[in-house]
Amino acid sequence: MIVKQILAMKAGPDEIVTIAPDTSVAEATRLLAERRIGAVVVSSDGRTPDGILSERDIVRELGRGGGAVLDRKASELMTRNVSTCLCGDDALTVLERMTKGRFRHVPVVDDDGKMLGVISIGDAVFARLSELAAEQEALTGMIMGN
Numbered sequence: 000m001i002v003k004q005i006l007a008m009k010a011g012p013d014e015i016v017t018i019a020p021d022t023s024v025a026e027a028t029r030l031l032a033e034r035r036i037g038a039v040v041v042s043s044d045g046r047t048p049d050g051i052l053s054e055r056d057i058v059r060e061l062g063r064g065g066g067a068v069l070d071r072k073a074s075e076l077m078t079r080n081v082s083t084c085l086c087g088d089d090a091l092t093v094l095e096r097m098t099k100g101r102f103r104h105v106p107v108v109d110d111d112g113k114m115l116g117v118i119s120i121g122d123a124v125f126a127r128l129s130e131l132a133a134e135q136e137a138l139t140g141m142i143m144g145n
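Numbering-wise (numbering that gives the first Met the number 0), the sequence shown opens with residue 0 and increments by one.
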């Protein structure tokens, strides 16, 4: 399965949730809670990723600096070196990269770096399980003579 297929399988709108770099961490936290998502792409133009801000980033800084962290800017806490993928990338390869890098969200970009969507590790696992179920069904059909 390829990343393009994962994007097509995702339930809900294709909207990419982004925030500006100067958005407060408090506002970013509200957005994460409202949308029930684990990360938001930080982008100055809404089309290309400057960074990504996850729940983990926020919790880590809350543990270090307390509630004052909520007044800081998203750009101060975001992960700057964002790993991205392309629509044609193999989903299993992306899943392995996410697991090894210990991150859970990857912006999908085109050849020019423009965002097309975001996939989570949950999206990738769901896609892989669907793929395995289809393979199992096909093998069972072959064995049973269907």
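Derived by calculation from the structure, the hints in this document are not laboratory data.
Built from N, CA and C at the ideal position, the CB exists for glycine as well.
Just to be clear, a hint being listed does not mean it is correct.
Stated by the list, open to error - For lysine to aspartate or glutamate, the following EDC-like pairs were computed, each having C-alpha atoms within a straight-line distance of at most 20 angstroms:
no., residue 1, residue 2
1, Lys72, Asp89
2, Lys72, Glu54
3, Lys113, Glu54
Unchecked claim - The calculated label-pair distances, taken between Cβ atoms and stated as ranges, are:
no., residue 1, residue 2, range
4, Gly144, Arg79, 51 to 59 angstroms
5, Gln135, Gln4, 13 to 21 angstroms
6, Gly87, Ala133, 18 to 26 angstroms
7, Ile142, Asp110, 37 to 45 angstroms
8, Glu75, Asp44, 33 to 41 angstroms
9, Asp109, Glu54, 21 to 29 angstroms
10, Gly144, Val58, 52 to 60 angstroms
11, Ala137, Ala7, 39 to 47 angstroms
12, Gly144, Asp110, 29 to 37 angstroms
13, Arg96, Ala7, 35 to 43 angstroms
14, Arg59, Gly112, 40 to 48 angstroms
15, Arg55, Ser23, 41 to 49 angstroms
16, Gln135, Gly112, 34 to 42 angstroms
Hint-by-hint comparison with the structure:
| no. | hint | in the structure |
| --- | --- | --- |
| 1 | Lys72 / Asp89 | violated, 35 angstroms |
| 2 | Lys72 / Glu54 | holds, 14 angstroms |
| 3 | Lys113 / Glu54 | violated, 24 angstroms |
| 4 | Gly144 / Arg79: 51 to 59 angstroms | holds, 56 angstroms |
| 5 | Gln135 / Gln4: 13 to 21 angstroms | holds, 18 angstroms |
| 6 | Gly87 / Ala133: 18 to 26 angstroms | holds, 20 angstroms |
| 7 | Ile142 / Asp110: 37 to 45 angstroms | holds, 43 angstroms |
| 8 | Glu75 / Asp44: 33 to 41 angstroms | violated, 19 angstroms |
| 9 | Asp109 / Glu54: 21 to 29 angstroms | holds, 27 angstroms |
| 10 | Gly144 / Val58: 52 to 60 angstroms | holds, 54 angstroms |
| 11 | Ala137 / Ala7: 39 to 47 angstroms | violated, 21 angstroms |
| 12 | Gly144 / Asp110: 29 to 37 angstroms | violated, 46 angstroms |
| 13 | Arg96 / Ala7: 35 to 43 angstroms | violated, 21 angstroms |
| 14 | Arg59 / Gly112: 40 to 48 angstroms | violated, 27 angstroms |
| 15 | Arg55 / Ser23: 41 to 49 angstroms | violated, 18 angstroms |
| 16 | Gln135 / Gly112: 34 to 42 angstroms | holds, 38 angstroms |
Comparing the model with each numbered hint stated earlier shows that hints 1, 3, 8, 11, 12, 13, 14, 15 do not hold.
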